[in-house]
Amino acid sequence: MRRCIPILVILIVLSSFLSSCKKVIQLDLGTSSPHIVIQGDIYDHQGPYIVQISKSVNFYDSNTYPAVSGASVNISDNAGNSDHLKEASPGIYITSALQGVPGRTYTLIVKIDGQTYTASSTMPDPVEIASIYYQKSLFGNTIFPAISFKDPANINNYYRLIYYINNNRQNDINVTDDKLNAGQIINYVIRPLDTDNKLIAGDVVTIYLESTDKGVYEYFRTAGREGGQSASPANPTSNISNGSLGYFNACSVRTLSAMVP
Amino acid sequence: MKCRKLLKGLRFTSNIGNRGMGKKIGIFAVLFVGVVASLFSQSRLTISGYIKDARTGEDLIGATVSVKELPSKGAEANSYGFFSLTLPSGNYEITAQYAGYKSQTQQIKLSKSLKVNFSLSEQSKELDEVVVYGRRKDENITKTQMGIQKLDTRDIKSIPVLFGEKDVLKTIQLLPGIQPVGEGSSGFTVRGGAADQNLILLDEATVYNASHLMGFFSVFNSDAIKDISVYKGNEPAEYGGRLSSVLDIKMNDGNDKKFGVSGGIGLISSRLLVEGPLVKDKGSFIISARRTYADLFLKLSHDTSLNKSRLYFYDLNAKANYKIDDKNRIYLSGYFGKDVLGFGNTFGINWGNSTATLRWNHLFSDRMFSNTSLIFSNYDYKININSGVSLNIISRIQDFSLKEDFQFFASTRSTLKFGFNSVYHQIIPGVITAGKNVSLKSLTNKYAWENGLYLSHLYSFSDRFSVEYGTRLSVFSLIGPGIFYAYDLSGNIADSLNYRSGKFVKTYLNIEPRATFKYVINRQNSIKAAYARNTQNLHLLSNSTSGNPTDLWIPSSNNVKPEISDQVSLGYYHNFNDNKYEFSGEIYYKDLQNQIDYKNGAELNLNENVESQILFGKGRAYGLEMFFKKRFGKFNGWISYTLSRSEREFSQINSGSWFPATHDRTHDIAVVGIYELSKRWTLSATWVYYTGNAVTFPNGKYEIDGKTMFYYGDRNANRMPAYHRLDVGATWIRKKTATFESSWTFSIYNAYGHDNPYSITFQDSKTDPTKTEAVQTTLFKFVPSFTYNFKF
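Keeping their order, the protein sequence lines are chains A and B.
The opening residue of the first sequence carries number 0 in numbering that gives the first Met the number 0; numbering runs sequentially from there.
The opening residue of the second sequence carries number 0 in numbering that gives the first Met the number 0; numbering runs sequentially from there.
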């Protein structure tokens, strides 16, 4: 039997070598009619705030998304303020006087070619990031950034995290709620799907903690699982009406930076 | 005397009837009394006994007894090897037969009822283990059952499989109507049903998760298995609880003549089996174990995170039986298996099944056979996370059941089966224990009581025409304690009610009529038709493509209605060349109610309100199955072809129009060939081809926050590429003496290296950032394996 073991090792190595290969394939994915994509954010800091409107394209088209110009875009809050957004450049609409204030509910109304898209979002109170720390990965020697913050008690809280490495925004979607640890210290580890951008000593990590509402959380939660192992992938649940893709997010945001030791 | 015993039996059924069965069973009882009473007007005598393997003492399930003087009379041994044959007094020559065994004949002088036991010897063949055996030669023509596939474990020995692990669940996928859920998977679907609509029984105990290692291996160690039957939706009334199929697996009883050891050393795992008599000719035991050892090689790694990883599974099957006297026999069998996966101290998950069955066979008379079973079944998983926070999650489904089955051999034309099954289910969706700062709440446990009561009658009007009909009454009750919710259309809690312990929350009662008709045209041809209704009250929530150990079983409730299927089927059976060749063709149509799908972005994990994430709809499935088999000879094997369609309709999916189910397979072909090259060498090959799964691919894209997002159109509007694969294998018998046998098996999985997609993902192109691309992952190409087997 002892003689067999090296052969076994070789065969296992060999079979894992031959197994699991990836290749780019061409699929007939058909075409889809262009869909309206709206993305709007209101923060609890000074404006102007931006609403972007574009259209979707076919899968095998190049990654340029047609801007939607000439839309009527209006944001109002429940304190009687209203702002008609100006188109600063094609598809980019900006506010002029509106100020994001925690506790207020903001309503977005967009009119394009006779179609009306509406959304509303309520801005919660800000939550401070207590600290940034690092966690070692289970495999290999990668380290992941993590934050710790105190969840406010007695209300449902929803969070979205955005993080930068050396001022480069990372694309992963990170959201969490307090369903499992309401009123407690929440520790959140950012585990990127794409492990190409490994953290190394001296990198500056910046994390934004957005406190947002349930509709926005649901959007990013469902967007984050797209392309996973789901047997039935679907478009994220948007908080905008009338079949528009995208989201409208009124959030209060806090940030913290730290250098990787 | 006999009449009194019979009446006792009948009184028993009618008692149960009074307890709430209603009119239907009453009608059946009257019918049965009529049929049975007519049989008692004549004086008839009974020959009964057991048919066994002469060398090992194993019961020969399905062996037949025939009477030379009365060619139309015969009997078949039941799952415990028992047969009963009622004849007028006289002299007879009766013969017991079992394919692959020498038949045995006894001269009987029948002046009073007799006990006759048969011990059949295997036909001496140098290469016995490579022959694909049938049972009775023309069983497919003469048996009243249809939509059934049976496998002898000898059938699977030489068929090449992934990593050389013989696997019954993979072998049955080569039969018509039974389809794998994915590459290398032990998971399967039957006739367009879902993977959770298969009832998998191991010695009568439900196995809730039949897969190891994410589905690449099944929990069934083929060394421990004697017999496999798959009923494709037309199961007899004694089975119930799942819509699509019943996979009834019986474990070996063990050799009651002499001790034996056998085993195998393979690439992935090693196996060892020990069997022997407890008391010679009266009782035996068998213990069979298997363990994988990939993790032992991980330990050799210098990578500190790899060598602290755990990745293995093991199985233990054990069984003992003891014959107390001619009328009483007890069996105790159990299974225990576990998968362990972990990385150092930071993360661990283990999962596994355990089952135990205590059975008592009792002969009330030489025509009344009974079996009483106490059954325990458990599936659980435990997750342990220790990174920053410490967290333990335990989830479990556990059954305790009592099952009582009676078989009454009224005459050679008429066999009655009746009985009941009472199961107490306990479902623990998640008990969470966590360190400080984590206020995760455990989920509410669910309790249910499931009862089945059945009656079925097999009656031959003539040698040609017979019918097996019956009904099953299923009563399922969800029981407190707990808070039970009602939800509005958008999934918010609309109402909640608190139930005390033992209070009935919701009870569903279903009547499941079933019938099969057989007409034998001549010795080579027969036709059959069947109808069956099945209901299902336990539902598996799984939204992954391959199935996960953490998938959750939920009971029917105030929100979740029982799933119901009605299947009609029609079949033609033809054997020729002295039963050397067997052909069958079956068509079926199945209507499905209360099917389950999920809302977009459904949150199924650790969600107290998981029932709010579910959608309900209907389904239909239909198809044609063809099977051609060469059963004997140096070259044998089969071709199986299925043409089918399976569709679903949910008002919230694809605007309420019909769409293909994920496992809708238009074409499914399997070819199996086994060739005995010489006394020492046997070659084998299998080739499979099937239409790719119906899947949802993106057909557009857009940008959010600088990130490419994909736009998905209609559900399951796309197809995975068609799948095909050739496996080849060889068995070399190194040594074979009376006391010792050893052999090697070699195989190559996916021998022509076709790139079968395991998954297809969509991403920004790595080479051209202005484009997006589809990337296919292939798991297995040219996977070689070998196994060394021994027996002494």
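By construction, these hints were calculated from the structure, which means they are not laboratory data.
What you are looking at is a predicted structure, and each value in this text was computed from that prediction instead of being measured.
Some hints here could point you the wrong way.
[As the list claims (entries may be wrong)] With a Cα cut of at most 27 Å, we get these calculated DSSO-like pairs of lysine-lysine:
1) K85/A <-> K770/B
2) K21/A <-> K770/B
3) K598/B <-> K67/B
4) K765/B <-> K21/A
5) K54/A <-> K579/B
[Said to hold, decoys possible] Okay, the calculated bits of chain A under chain B, using three or more residues with CB under 8 Å as the criterion:
6) 43 to 56
7) 109 to 123
8) 237 to 248
All residues carry an ideal CB built from backbone N, CA and C; glycine is no exception.
Cross-check of the supplied hints:
no.: 1; hint: K85/A <-> K770/B; in the structure: violated (31 Å)
no.: 2; hint: K21/A <-> K770/B; in the structure: holds (18 Å)
no.: 3; hint: K598/B <-> K67/B; in the structure: violated (64 Å)
no.: 4; hint: K765/B <-> K21/A; in the structure: holds (13 Å)
no.: 5; hint: K54/A <-> K579/B; in the structure: violated (65 Å)
no.: 6; hint: 43 to 56; in the structure: holds (count 4)
no.: 7; hint: 109 to 123; in the structure: violated (count 0)
no.: 8; hint: 237 to 248; in the structure: holds (count 3)
In the structure shown, a violation is registered for the earlier hints numbered 1, 3, 5, 7, in ascending order.
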